[in-house]
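Use these hints to put chain X onto chain Y, whose structure you have.
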Amino acid sequence: MIVLGLDTSHYTNAVGVVEGDKVLADFTYEAKTDSLEQIVANIESTLQSAGLTLKDVEGIGVGLGPGSWTGIRVGVTVGKILAFSAGKPVAGVPTLEALAYAARNESPLICAVIGAGTGDAVYAALYRPENGAVGRISEYYVGDVKGLTALLTGPAVLAGNGSQAYAGLIKQETGMNIKAVEALPGGASVACLASRRLERGEKDDVLSLTPLYLKESTAKAFVNKYKSNHA
Amino acid sequence: MLVLGIETSCDETSAALVVDGKMILSSIIATQLDLLKKYGGVVPEIAARRHTELIGYVIKEALDTAGKTLDDIEAVAVTSKQGLIGCLLVGVAAAKSISYSKQVPLIGVHHIEGHIFANRLSHPDLPLPHVCLTVSGGHTMLLYVPEDCRYELLGTTLDDAAGEAFDKIAKFLGLDFPGGPVVDKLSRQGNRKAYDFPRPMTRAKTLDFSFSGLKTSVINMFKDRVARNEALPLADIAASFQEAVVDVLVSKTMRAAGERGVTAVSVTGGVSANSRLRHVFAETCKQKKIDVFFPDLSLCTDNAAMIAAAGYARMKLGEVSGLSLNVFPNVPLEG
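Protein chains in written order, with this note's numbering: chain Y, 1 to 231; chain X, 232 to 566.
In isolation and in its complexed conformation, chain Y is listed as follows:
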């Protein structure tokens, strides 16, 4: 099954195409402010370099985030509407899972980590490699870097963009030594994980697919806090 994978959560347009576990093309285009402008051109040139067109694609994988809120809206909207429009099945892949997948050969325990934009806040989750993919074995974590130590038991490695710096911060704050692997969510990683899911018949509903924000908007959080304080 030929699957196109997209992830736009990290100020990059990551686009890849795979056939089963075989990577046909995998590119990460820098996209600080022009993710929306470039996304179709990035998809076209990735497919082209694999000698394919959109017609050859049999399924679409989308990185759901967490990450840049605006970024994941571009990726998820393009992924699902492209799937709807071209009549292809779609599978959403949490971006943390794609990061853990990229580091699956590093350790039997992987803590995928993504900066949450404010201070040293991060999104994270713990994964275990299994059957060539990865399975999540913790709840999603949203909090400061130091708090990650509660998740990090045994031989866990940190995987993500900036993970070396996070490991340094943890060492500084708690004295804990953690191995870190730098990784970005790749389009091919997302495509591989989506492909496995689609092969098992686990497609997502093309209309209801939404980003995985893991955090409420500031306004909503404010209103909820106000309500609980005045309950």
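All clues given are correct.
Part of the chain Y face toward chain X, derived, beta carbon under 10 Å:
id, residue
1, Glu37
2, Leu54
3, Ile72
4, Thr77
5, Val78
6, Gly79
7, Lys80
These are calculated hints, taken from the structure and not from any lab test. Quick reminder that beta carbons are idealized off the backbone N, C-alpha and C, glycines included.
Relative to chain Y, chain X alone:
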């Protein structure tokens, strides 16, 4: 030509199918009124999230209602200019995905041009040239329209948009959101001559508008009465405030029509749904022997049918966007 229109510039997720910029086959609008009431206005991040949830459903509903599929679509028009950036982006991402997969032209439309074309949907024979007053919660503009998609800006607001003033006054008076329809309804029970609020800029030489001073005047009067423990006749206050806004909008538009020598005036945008504005325009234009046109009420507020109509008109002029179409939250209307 069958055009799919998509509009997500503010708080309505909308999709529509329109033939030749004239005949509406379907027009689906998912409002975020529940969120507006909860937060007392539009919160950009929350609105953008809601658009992302709804966009697929709204497009599918527009297709199903019209009995069409995406294979029948011959072009996609989407609001790409003027609005909340995170909200615009959802519509444009969806539109370019369809344009790319179906290999049909993509046309980015200025939101205000959409409002202007709402009146063409309601009145296909709307004469040219004319003067257009387009007025909503986000803009207040007077335009001279010599031909389709050509605009000369005659005046604009220097501060608040007229609809914004309605919203803010409604909020201040403790009324519901959005303020326009609520003030309109309440005003019918009030005396519009009860208070003589200022008519800002009516004596100015320009055709520009200003509503923040009027708003402050209403608020100060209200506070004074509260301080003196006087009764607060909300209906009278609402009616007098509304009358001041209507007076300014009508008098400036009539002056523009006179200066340009046109015999037709087009009034569009959310505030064009206001019943008092419609009444005063109709009376004044009748006296001056000018024809005045308003869109159907369903086309006054944000909708994708008007975007499809404007996109079709731009396409007829050979103006098509590429797949690298971007969003622009604040740019002038071109033409």
